[in-house]
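Colleague: Residue-level listing of the chains:
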Amino acid sequence: MTEAYAVAVPKGYRVGPWEVRAPIATGAFGSVYEARRHEAGRHETRRTGPHEGLPRSAALKFLPTGTGTPRQLAHLRELTERELELHRRLKRPRLIRMYEALTVDDPDHPELDGATVLVLERAEDSLAGLLARSPHPPHGPALLAQICEGLAQLHDAGWVHGDLKPANVLLMEDGSARLADFNMAAELEGTHAYTPAFSTPDYTPPEMLWSEIGERGRQTRPSADVWAFGVLAHLVLTDTFPLPGGTPSARRDAAVRYARGTDELRLSPGLPDGWREIVRTCLARTHTERISGEELLRQVEAVAGTGRSPRLPRVRVRRGRRTAVVMGAAVAAVAVSVLGYGISTWADGASDDGGGSAGNAGTRSVTAAPYGAADLRTDRGIPSAYRLLIVETAHDCDQGDVTPSLIAAMLKVESNFDPDLSDPDKDEYGIARWTPSVLRWWMHEDGTPGESVPKPPFPPAESIPAMGRYLCWIAPRLDAELPGDRRVLIAAAYRTSYAKVNDAGGVPPKYRSYTDRVVHHLKEYTPPGKK
Amino acid sequence: MYSIIVVPPPTTERDRFRPDAARFRLAPGERLAFGRSESGNELAIAHEGVSRKAGEITAQGTFWTLSNLSSHQTYVVENPEGAGEHIKVAPGRLDAPIPFEFSRIVLPAAGDLLPVEVWAPRHDYLRSPEGLDGTTTAPAFSVDRTKRYFAVLAALCEPRLRGEPHAPLPTVDQVVERLRPNWQAASRTSVQWNIDYLAVKLRLKPGPETADTGPRLNGKKESLVSLALRFDLVREDDLIVLLAPTRREAR
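So the sequence lines, in the order shown, correspond to chains A and B. So in the working numbering, spot 367 of the first sequence is number 404, and the numbers just go up one at a time. So in the working numbering, spot 214 of the second sequence is number 662, and the numbers just go up one at a time.
Hints listed in this document are in silico derivations from the structure and should not be mistaken for laboratory results. These figures come from a predicted structure and were not determined experimentally. Each hint should be verified, as a subset may be incorrect.
[Claimed, not checked] With a cut-off of at most 20 angstroms between alpha-carbon atoms, the simulated SDA-like pairs for lysine to any residue come out as follows:
1) A:LYS48 to A:ARG93
2) A:LYS547 to A:PRO520
3) A:LYS547 to A:HIS557
4) B:LYS668 to A:TRP478
5) B:LYS668 to A:SER248
6) B:LYS668 to A:PRO486
7) B:LYS668 to A:THR485
8) A:LYS537 to A:ALA517
9) A:LYS48 to A:ARG74
10) B:LYS668 to A:ASP483
11) A:LYS128 to A:SER213
12) B:LYS668 to A:PRO461
13) A:LYS567 to A:ASP522
14) B:LYS501 to B:GLY530
15) B:LYS668 to A:TRP247
16) B:LYS668 to B:ASP685
17) B:LYS668 to A:GLY484
18) A:LYS48 to A:LYS128
19) A:LYS567 to A:ASP433
20) A:LYS547 to A:TYR535
21) A:LYS492 to A:ASP460
22) B:LYS668 to B:PRO616
23) B:LYS536 to B:PRO556
24) B:LYS668 to A:GLU249
25) A:LYS537 to A:HIS558
26) B:LYS668 to A:PRO513
27) B:LYS668 to B:ARG471
28) B:LYS668 to B:GLN640
29) B:LYS668 to A:GLY251
30) B:LYS501 to B:VAL524
31) B:LYS668 to B:ARG651
32) B:LYS501 to B:VAL455
33) B:LYS536 to B:ILE546
So that you can see chain A by itself, here it is in the shape it has in the complex (with noise of 0.2 angstroms):
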């Protein structure tokens, strides 16, 4: 270890009931140390998670925090909390587990007062550490399988990642691998998630290399974490970088020419067979080409000739409606790459049990029509190949006025679900009635106009994305004051303008018909007790 120590933590100081013993190893952020118990708790510290069922040793990470410590900075407690949210909400077999959280109180020491002390599950070793002593170990498949069962179990959940790398695969005292350190971790809002604008070179996919950054933080998405699986993997079966290169420029470099498609990649063929495949499809150009955590789970596994692990029960979580949506089993239906979406969320309720229980295998199936039951009805006639769109659209805006009942509404009078509408007279074109001009500055995800007038036809799987941002845009410009119900007012926006709409102090009456019709279906779209 010749870096220097985020934390230094003298030998012996003491934390609640720890006790700091030798130091593990530092980060860019924080420290661990190795620490043991005591019966007697000190009064200096605040705790801030439960006390019971403490082990006799544990990992010790300290995240200097505190506001008197010389590098006070606002990202590392942002960083910090991240790591705090995702262990107090997520608990899985393959995770490492964190037992409590402590603040240091004690301003002799102003460098660690106030510091957030993570006090972790202990590990044997890292995935680095055993690489650096013993390029490709013999049992490297079998810990890749549980590397991958590690972010199965956290892309079931709804996170992402979002730094996976040797150093945070911890190997424990059976040789087991967990995955660590979630100070990028992130939960996904829809397709995607935001993540500190922080990453690992070597393993950052070519996308989020020069990526736009935006006030919350770049966007990431599951997609990030397999890419960098298909790194660790060859870098645990060859002891090399997939992408050449002497130097992390280098390679990043390498990395931006394969994904514009100048270069090709050229996996080492000292890569097994069977992994071969595995890789390539991790490391594929683009995001959506790219396999998803659970086939790559399934095909891992089948390679790696480990036993298949246990379904999860599976949770859906999601910004603003922090609550599980809790299904009978029966309806449990889990729609898989439904429309090009690699994320299935479907719910039964148990959000953080041990993890693993397999009780649900049984009821899964691949169904697409019931999704989103909650927000959308399903007797209602909305046909179901959109229902997954519709939804996932409709999360995607963090505007509460932009429901899924609203979309499905709109979609319904604009061209009665009709995908190959073309009305060249109007110039409004596809399921949403997009105008080319228009749809030129929504048909991006990252906000980005296209750089020319796009030409029809207008793929559902594009208008309705596009539509629900538009939407979004809409509805904080609305004025605050006007009267009568937003989701209207915002579909008259999509009509005409908001400004217009502000102007007129309401829907403009040359649009009452439509929003007429628009209400209609509102009504019979929403589930009872639903706004």
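Put chain B on the given structure of chain A with help from the hints.
Modeller: Frame of chain A; chain B shown alone:
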């Protein structure tokens, strides 16, 4: 995934008001040929004094190379913030590497000097004493604290760093005043230029407002400041750049 931006010499009014429209973004490995001839050059420079095939710019990851295809003219590549620092590229020299973050290629064209600007916003800077390492978690931003854009960013962030989290941002004119003691040539245009460059450098996501108004980035300053503060790109002790006299003389 571009790494180099080429800004042609301003020719029309349109370019002045839509600077984005005229820029070329090159990804690593991409080439941009320039010269008088409309055919065979992506960037045509309509000036009698420029060779028909004058040269080529190639993006090489974070830096770029210049080929001088003219038969007689030496091209000078200046570092506008480098106090006269420059590189000469002789006629016929191919793929000369250019190390500056900002460069101005000056084409000597029958008495006129036509500047082609090239930006290399992906330059990396050392973040920790341990040096370069592809396996360390690193911030996605890399800023050079000695550059003018950093002083502009610091001036924009100053009121909020001094303890008023909701203080209104300084106007461009106030930023000019704030920077003038250290930067004599500061002007509205040069400060605005640096703000535009920061938006490129920090890969600011254009807000949806741009949909209505084209390239105008509403609230660009606001977004820059909130990004910079959120990721600690500027901290209170960095405000020293606003106080200490710079060693460089204004050009």
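Colleague: Hints numbered earlier in the text: which of these fail when held up against the supplied structure?
Modeller: Those not satisfied are hints 12, 14, 16, 18 and 25.
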